[in-house]
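A.B. asks: Heads up: the sequence lines are chains C and B, in that order.
Take 24 as the starting number for the first sequence in the numbering used here and just add one per residue.
Take 1057 as the starting number for the second sequence in the numbering used here and just add one per residue.
Any given hint might turn out to be false.
Said to hold, decoys possible - Below, computed lysine to aspartate or glutamate pairings styled on EDC-like, alpha-carbon distance capped at 16 Å:
hint, chain 1, residue 1, chain 2, residue 2
1, B, 1183, B, 1095
2, C, 367, B, 1099
3, B, 1123, C, 152
4, B, 1109, B, 1121
5, B, 1086, C, 152
6, C, 188, C, 152
7, C, 192, C, 162
8, B, 1085, C, 402
9, C, 68, C, 253
10, C, 136, C, 152
11, B, 1109, C, 402
12, B, 1067, C, 253
13, B, 1146, B, 1099
14, B, 1123, B, 1095
Claimed, not checked - Facing chain C, according to a computed beta carbon distance under 10 Å, are these residues of chain B, among others:
hint, residue
15, 1064
16, 1089
17, 1107
18, 1109
As the list claims (entries may be wrong) - A few chain C positions that, by computed beta-carbon distances, are all more than 10 Å from chain B:
hint, residue
19, 24
20, 86
21, 132
22, 158
23, 306
24, 307
25, 367
26, 403
27, 406
These aren't lab readings, by the way, just hints derived from the structure by calculation.
Using N, Cα and C, we set each Cβ at its ideal position, and we do this for glycine too.
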Amino acid sequence: MKIIYADNNATTKVADEVIKQMLPYFGEYYGNPSSMHTFGGNVDKKIVQARQGVADLINADPGEIVFTSCGTESDNSAVYAALAANPEKKHIITSNVEHPAINNLCKHLVKTKGYEVTFVPVDKKGMLDMDILYNAMSDNTALITLMWANNETGVIFPIEEIGKKANEKGILFHTDAVQAAGKVPIDVKAAGVDMLSMSGHKIHAPKGIGILYIKNNLKFSPFLIGGHQEKGRRGGTENTVSIIGLGKACEMAKEHLNEMDTRVRNMRDYLENQLLEKIPACSVNGDKDLRLPNTLSIGFDAVEGESILLLLDQEGICASSGSACTSGSLDPSHVLMAMEVPLKSAHGSIRFSLSFYNTQEEMDIIIKTMVSVIQRLRDMSPFWKDGKMV
Amino acid sequence: MQISSSDAERKMLTDAGYADPAIDYYLEKKHIGHISNADQISEKVGSCGDIMKVYLKVENDTIQDVKYEITGCAGAISAAMAAVDLVKGKKLNDAMNMNDGDVFKVLQNIPEKKHHCIQLAVKTLHKGIEEYKSSNGG
Chain C
24 MKIIYADNNA
34 TTKVADEVIK
44 QMLPYFGEYY
54 GNPSSMHTFG
64 GNVDKKIVQA
74 RQGVADLINA
84 DPGEIVFTSC
94 GTESDNSAVY
104 AALAANPEKK
114 HIITSNVEHP
124 AINNLCKHLV
134 KTKGYEVTFV
144 PVDKKGMLDM
154 DILYNAMSDN
164 TALITLMWAN
174 NETGVIFPIE
184 EIGKKANEKG
194 ILFHTDAVQA
204 AGKVPIDVKA
214 AGVDMLSMSG
224 HKIHAPKGIG
234 ILYIKNNLKF
244 SPFLIGGHQE
254 KGRRGGTENT
264 VSIIGLGKAC
274 EMAKEHLNEM
284 DTRVRNMRDY
294 LENQLLEKIP
304 ACSVNGDKDL
314 RLPNTLSIGF
324 DAVEGESILL
334 LLDQEGICAS
344 SGSACTSGSL
354 DPSHVLMAME
364 VPLKSAHGSI
374 RFSLSFYNTQ
384 EEMDIIIKTM
394 VSVIQRLRDM
404 SPFWKDGKMV
Chain B
1057 MQISSSDAER
1067 KMLTDAGYAD
1077 PAIDYYLEKK
1087 HIGHISNADQ
1097 ISEKVGSCGD
1107 IMKVYLKVEN
1117 DTIQDVKYEI
1127 TGCAGAISAA
1137 MAAVDLVKGK
1147 KLNDAMNMND
1157 GDVFKVLQNI
1167 PEKKHHCIQL
1177 AVKTLHKGIE
1187 EYKSSNGG
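Let the hints inform the model, and build the full structure from the sequences given.
C.D. replies: Here is the structure:
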């Protein structure tokens, strides 16, 4: 069965070009980039090239890029470094729709270290309450950490505007750009961010590689203390193969940015409009304008998300759901709950997230399948009678 | 387009931790629907947000027929279907004695994170019986 992969905010296919770049460094070129000899030094040259590729994607200097193991490590490193740089400050500002790598870390800091955290709420469209955000900034604030774009809804926060305000107030500003990278242009200088997290496997590089951008001259305490690697900002022998892959993936991401904004956006809009037109009682979660071009979170009344996914899976269609049944807990997505999406809609919410590998033909198959799947589930729902909600 | 039950769906549920009887109940859905002349209709929302509506047909304190409408996952559907088989033809009081363990035994296994679905199926049915009894002088 042909797979239609529409779950690219979860992870992405490793690009063939990326694999091709990586393969020789699994076997033949196994040298340690820190070694004095030419054999190791040749690997180091590839890492220099990869660092440049990453830096170019986000308009950073190569020296500002630190390779990590994943987005979560980057997020944790950034938060702990900011707190270490400002030991007298005990306040953090974040939002209530962050990825668990930030959300759970902040809760942990409250519980175990006595930090005060402001979780800035979002409105029904998933947009930050800017008044609460700005009013929360104080002399006691050590860090503002906000995601560039939301993984579930694709809603984009006004990072540049917030960065300006944070810089004026002299508060460190970190952004988790794991979902935004490769989908919308990122310019760390224009955005005024001090630190930025990215993850390789969201942009067609392998899993197990991430980066933390650390602005030049920023006081930084390493999260992993060890050798001199990454200029002492992250100990541990470099994951050379994955770094090389990430460098290539970033080059490709930059080349595909325009396509994301045009062809991929058009496919997403087509999928969205067709589902809204052909299936009654469904609605889009999140702001439709300030949104990643590849993401569609859509809630279907009177059905449950996991059941939708099971039936889609039968047809080889991969997506994800915000329902409690798929979360492994008894609670639906914290993002949809924070947006006050009604439970009946959150329970039947599905996220389609596209990449430049998707095709228009695939969108037509998804649409046709969804019409059938939703009808089948509504036929056994207590809330659906004679073609409408009861 | 008609989507039918398939080996792929069965395999996926097996991999997720559902035993064969539970999968059969989910795929067959033999007690899904409504009873047009039901003596009692009751509804309950589960802790995860799944919703069940139970229809009861009762004669001489005996459950003649039961059907569920469900907005829920495979765990919820299989649990409700198994619960029906356990109480159909039983006296109301006997049906009230059916518990989560009885349903689990019939299903043989469902994933641990779905055990609350069994509770919802049983609680919905018990709620229906209690409401029937209270509105019929019981």
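A.B. asks: Please go over all the hints and tell whether each is borne out by the structure.
C.D. replies: Okay, the hints, checked on the actual structure:
no., hint, verdict
1, B:1183 with B:1095, "holds, 13 Å"
2, C:367 with B:1099, "holds, 15 Å"
3, B:1123 with C:152, "violated, 46 Å"
4, B:1109 with B:1121, "holds, 14 Å"
5, B:1086 with C:152, "violated, 49 Å"
6, C:188 with C:152, "holds, 14 Å"
7, C:192 with C:162, "holds, 8 Å"
8, B:1085 with C:402, "holds, 12 Å"
9, C:68 with C:253, "holds, 14 Å"
10, C:136 with C:152, "violated, 27 Å"
11, B:1109 with C:402, "holds, 13 Å"
12, B:1067 with C:253, "violated, 46 Å"
13, B:1146 with B:1099, "violated, 21 Å"
14, B:1123 with B:1095, "holds, 12 Å"
15, 1064, "holds, 5 Å"
16, 1089, "holds, 7 Å"
17, 1107, "holds, 6 Å"
18, 1109, "holds, 4 Å"
19, 24, "violated, 7 Å"
20, 86, "holds, 46 Å"
21, 132, "holds, 28 Å"
22, 158, "holds, 33 Å"
23, 306, "holds, 16 Å"
24, 307, "holds, 20 Å"
25, 367, "violated, 8 Å"
26, 403, "violated, 4 Å"
27, 406, "violated, 6 Å"
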